[in-house]
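Taken in sequence, the protein lines are chains A and B. If you're matching positions, the first sequence starts at 6 in my numbering and goes up one per residue. If you're matching positions, the second sequence starts at 6 in my numbering and goes up one per residue.
Mixed in with the good hints, there may be bad ones.
Since copy identity is lost for identical chains, a pair holds within one copy or between any two.
Result set (EDC-like, lysine to aspartate or glutamate): computed pairs, CA atoms no more than 20 Å apart in a straight line [as the list claims (entries may be wrong)]:
hint, residue 1, residue 2
1, Lys-383, Asp-65
2, Lys-12, Glu-203
3, Lys-383, Glu-67
4, Lys-383, Glu-66
5, Lys-356, Asp-61
Because the hints were derived from the structure by calculation, they are not lab data.
2 protein chains.
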Amino acid sequence: MIDTKLKPGLEDVAVATTRLSSIDGEHGALVIGGYPIAELAPNATYEESVYLLLNDRLPDEEELERFRRELADRRSISEEVASILRQAATEEASAMDALRMGLSAATLQSNANDGRETAHRLIAVVPTIVAAYWRFRQGKVPVTPRLDLGHAANLLYMMWGEDPAEDAVRGLETYLNTVIDHGLNASTFTARTVVSTESDLVSAATAAAGALKGPLHGGAPGPVLDMLKAVHQTGDPEGFVRDILENGERVMGFGHRVYRARDPRAEVLSSAAERFYSRSGRDDFFETAKELERVGTKLLLEYKPDRPLKTNVEFYTAVLLHGIGIPRELFTATFAAARMGGWMAHILEQKRDNQLVRPTSHYDGDTGRVWTPVQERKNSHLRK
Amino acid sequence: MIDTKLKPGLEDVAVATTRLSSIDGEHGALVIGGYPIAELAPNATYEESVYLLLNDRLPDEEELERFRRELADRRSISEEVASILRQAATEEASAMDALRMGLSAATLQSNANDGRETAHRLIAVVPTIVAAYWRFRQGKVPVTPRLDLGHAANLLYMMWGEDPAEDAVRGLETYLNTVIDHGLNASTFTARTVVSTESDLVSAATAAAGALKGPLHGGAPGPVLDMLKAVHQTGDPEGFVRDILENGERVMGFGHRVYRARDPRAEVLSSAAERFYSRSGRDDFFETAKELERVGTKLLLEYKPDRPLKTNVEFYTAVLLHGIGIPRELFTATFAAARMGGWMAHILEQKRDNQLVRPTSHYDGDTGRVWTPVQERKNSHLRK
Chain A
6 MIDTKLKPGL EDVAVATTRL SSIDGEHGAL VIGGYPIAEL APNATYEESV YLLLNDRLPD
66 EEELERFRRE LADRRSISEE VASILRQAAT EEASAMDALR MGLSAATLQS NANDGRETAH
126 RLIAVVPTIV AAYWRFRQGK VPVTPRLDLG HAANLLYMMW GEDPAEDAVR GLETYLNTVI
186 DHGLNASTFT ARTVVSTESD LVSAATAAAG ALKGPLHGGA PGPVLDMLKA VHQTGDPEGF
246 VRDILENGER VMGFGHRVYR ARDPRAEVLS SAAERFYSRS GRDDFFETAK ELERVGTKLL
306 LEYKPDRPLK TNVEFYTAVL LHGIGIPREL FTATFAAARM GGWMAHILEQ KRDNQLVRPT
366 SHYDGDTGRV WTPVQERKNS HLRK
Chain B
6 MIDTKLKPGL EDVAVATTRL SSIDGEHGAL VIGGYPIAEL APNATYEESV YLLLNDRLPD
66 EEELERFRRE LADRRSISEE VASILRQAAT EEASAMDALR MGLSAATLQS NANDGRETAH
126 RLIAVVPTIV AAYWRFRQGK VPVTPRLDLG HAANLLYMMW GEDPAEDAVR GLETYLNTVI
186 DHGLNASTFT ARTVVSTESD LVSAATAAAG ALKGPLHGGA PGPVLDMLKA VHQTGDPEGF
246 VRDILENGER VMGFGHRVYR ARDPRAEVLS SAAERFYSRS GRDDFFETAK ELERVGTKLL
306 LEYKPDRPLK TNVEFYTAVL LHGIGIPREL FTATFAAARM GGWMAHILEQ KRDNQLVRPT
366 SHYDGDTGRV WTPVQERKNS HLRK
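Given only the sequences and the hints, what does the whole structure look like? Please build it.
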């Protein structure tokens, strides 16, 4: 029997030192690569944010141009991967299932080394996989990636088959930057655990995407949108939220395990969404969101006064991505497209100063059972 | 700044309570589902061991027969997956890369629920993926799985295209049982972390396989075989090991992070290998292994007297699997075929009493950097 206290969620257990992001849950502050999130997210392109995480500084014009080209050159997928994605779409597998399949095969027809080149390859290929899957879901053929477009713009272009508006691209850049990294969340920690065995980047990225898929991690913005749409239709946020709380259920889009103050990412995305909706002339949906935020916060304080529950990143992710025109089915996959930059930076950081992750467990089973051949076992009395 | 001590390897941090396996590293004891490993491994079929982990008891004849059929019915792979495996083989991707690709797509054309049915599906499909990949590597077509054969026998049959000898099947069963589970090793912990987000079994299994691939985890038996073959050829184990130690390198197949006594799995596999080699009339290779074990243990005590380094599971995995006729390229994938049973049992256990795994980190980067537009950045002095 091991004499250690059980830590099933590893809460407050620090497993790594990182230069990538810093979370201050008490004060609601998030720093990405040295920049407060509100400083970085609305200004940078996604390529700049990725470069920042991989190099601990922003690129100058020449470096950025080279980096953009390096990523753009790694966007294509093989025919075999396209077939798998078509099959996934035909069977209506989720976008995250399709992404997992695509990522796991992303080294095929790639001659990248298992370091920065593969990191670039994995970052570059996510939009292509997601968009191809989506085109198949629509009964259309995938759109070939365009080399002249940036990462965010090209994602929208491949999804829609037409040039995206500037506002949509800026909105998506801001979203991708906002959620690019966030400490040792479950998927990032999964990625670091996988490479801690000295396994490769593709295995780690595939594993991380699998973890992000879970509703407790990356799977929540979809249900937030359902709620927003319902409230937008009824026009009665108070009745809607009160019903949820009276039934003892969770109000989606509020509260976060780490933040006791407001999730700083909600702030950044709220501003981005406000800017986007006001320009697109669809202010009414944004007003519904603001009203739901106001009412939800008030009622949660009434029902759960012990813990302040503010809107979280998922709340305004749903608002912003829906505004841009990204379908609900791709919300988590778009999150993955953003987080891939963080995963890669964490993986490379882990590889620089690695230690095998191997926790322990408490055993509460039997010991000393004695073998009996199958012919002598009679379990009929044990069966239900 | 979080005021917690850094635990980069999570050594001695208990993250789960489990009924599946218990490791006593001090005394070199391993219990699987209540049975000491030496009691279970040489006697059970792999299906019995899996049933044990999933049900906390061994099946009777009727239950075992039903379970065998349930697994056998889930062995086939789709054409899309076969294409990916062919491509992987053509490019000489590793067997573990191929397995990751195959597993990640294993839900295609499967109507299993995301519980026991998918667990059975994932366990059943590993041999098919691995054998199909291997057949493609040989320039042959995959062999259709046979429903009348057990899990171990069918794996050998699909790899070779002919009925395996009884001794080979028994040897493989013993191997699969011996390594079916082993506490919260990195891959099992990865699987539990992935489902802790309420993600699905396929994502968790794919992630676990990715972790097992690493040389610090499942990737070591191959190099042991290289060493054994070299020693078998020169006939000078002492000179061989002394060279390694004089160069300050690690002797493969000796020592384990958890066991200070001899790895109990080495014991079980050593006996199984001895039985197998003596019947197959190739005692000389086994004698080389025994001699290398004797000499290696002696020299390690001489060079590293502070820590007793005995042969570990990888040492006799290499001896036994090589004897059976499993190619070195498939050692880690065969390990995965075994461990899939343990992964599935751990995943189902985690789901029954789940808590999101989310550790924390220390931050040692900058804070408060201020945004400057790319045009104003001049990094030429920073570049190498």
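Results of checking the hints against the structure:
1. Lys-383 - Asp-65: Cα proximity of Lys-383 and Asp-65: across copies only (6 Å, versus 74 Å in one copy).
2. Lys-12 - Glu-203: Classified as between; 18 Å across copies, 25 Å inside a copy.
3. Lys-383 - Glu-67: Intra 75 Å, inter 9 Å, cutoff 20 Å: inter-copy only.
4. Lys-383 - Glu-66: Between copies only: 8 Å across chains, 75 Å inside a chain, cut-off 20 Å.
5. Lys-356 - Asp-61: within (16 Å within a copy, 38 Å between copies)
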